[in-house]
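Novice: Chains as they are written, first to last, in this note's numbering: chain A, 1 to 270; chain B, 1 to 300.
What the hints contain is simulated information worked out from the structure, not anything from laboratory work.
Cβ atoms here follow ideal geometry from the backbone N, Cα and C, with glycine treated the same way.
All the given hints hold, so there is nothing to weed out.
Here chain A is said to cover these stretches of chain B; the calculated rule only asks that three of the stretch's residues, wherever they fall, bring their Cβ under 8 Å from a Cβ of chain A:
hint, stretch
1, 49–58
2, 73–84
3, 100–111
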Amino acid sequence: MTGLRTELRRMWIFTAHQLRSRWRSLTIWGVALGAMGALYVVLFPSMSTFMQEYLEQAPESLKGFLGELQGPMTIEQWLGMEYLSLLIPVVLPFAVMIMGARAIAGREERKTLDLLLSNPLPRRDVVAGTVLTMAIVLAGVLAITWMLTYIAVPLAGVDLSPARLAYSLVALWPLCLLFGVLALLLSAWVRRSAFAITIPAVILLAMYLAEVLGQAAKSMEPYRVVSLFYHVGNPVEGDFPWTAVLLMLAGVCVLTGAAVAVFQRRDVFT
Amino acid sequence: MGPRTSSAILTEGLTKLYGRRPGIEGLDLEVLPGEIFGFIGPNGAGKTTTIRLLLDLLRPTAGRATLLDRDAHRQSVALRRSIGYLPGEFGLEPRMTGRQLLEYFGRLRGMDDLGVAPAMAGRLDIDLDLPMGRLSRGNRQKIGLIQTLFHRPRLLILDEPTTGLDPLVQDTFLQILREARDEGRTVFLSSHILSEVERVCDRVAIVRDSRLATLETTESLLEKRRKRVVMVFAAPVDAARFAQLPGVTDVQVQGTAVSLRLQDGIDAVVKLAAQFTLLDLRVDHPSLDEVFMGYYGEQK
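Given only the sequences and the hints, what does the whole structure look like? Please build it.
Specialist: Pasting the structure below:
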């Protein structure tokens, strides 16, 4: 029991150190995404009329692409069109992918891993502590994003439920985390941080394209199932995607376990 | 200090292959508690590979290592509490100060303070409150040395520790190592600088071509050294007379200059040279490579 407590304490020291060194980037990501959200909310009243007129004249394929919008556009539809379906889920994973890639391969490249591992810190704690750091950073960024976006709601005079906005962001948390942990796994395996970022980035963009093209073209629709974006859906307009979220969290656990196993077995070079 | 152990480091058939290329092969080595042990060899001989195997950074292809009576792989985390390690090459987070690094590493080691770090920083003349990105190479090396020693480890493993240090600081550092030994700590010092090894090490192992070439006391290793003596005379001299002196080999003549290798005392050579008009006399201590060559020459 004491051993477990000591190990948890050490992992927390490692995590807290990483969080301290990343609070600036956490704030920048949160403020940038939150400001963008606030801008979307503020622009909604003036854009909704214009978008409605535009959509009425748009071809059917474009309507399909934009979610079969019918009647006056709601703030949920407006946010779901781009902000919550493109900006955050495609951009935010890069924040944690970079973190995952730098955690092991990046430390080897910067020659700081030897000194870190010369302390009584098990390799599994480096992996687990990095996943915990990514999870906390993502939660922090999404919380700042939620707060700044919601501050604009009364200013714009729109009707948006804080809970609905919150759980649409919460649904993106495991999605972003999954890509971060994939980068960490590659970082534990290949010793090249650029590779560890590139592969998840390509998968992320391919999934996004599969979802977008599947929405736009009937022939591409079967391919949507390979995309996590399809399974997450658009929770700001609909139900919370419990199944997808739980499966993504299971994926995070599996990839974390794989990263621990790979890192335990491999040589560390400088 | 922890409990007394039978060996500070014990390796049995320790082997690491990088594909087909050997990093180190069949290393059998014992380092005794409380000694400064020199591990020397030319670049690429296998020194760093051995150290990384001891630290569990590399996994051995064959063989095993025991440090402080604990398995280097299976008990590596527990072992690292008692070990201070300085890598040959290391990076430091540029935004952190030395103090922040030591506080962080101290917390990971369960320490509530900086141990002997402030005193060491004073002796090595380094400001712990500067961001490490602003430090010169030598000062970054000092931070590395302090992080190795500040928790007062039982076993110090140092890979080329004096690289980048000026001679005065090198002296101070070697004195710190002697003090560590006097307190009963063990020092495993990898180096390719023979003079440094001569000054502090009790015993020395030489690795060459990924194998242990010899393991002996520093004194007996030094006896194998041959100095090169170069003398420049006012006029050509009969070099054969120098070749007849005891301990003299490899006599070469170039114009009025005579060079020779000398194993024993220089007295006889100086007395013979004094019979001529001597313009210059230089004594070169051989490089480590030359010691190796001399050593292998004797073996053959």
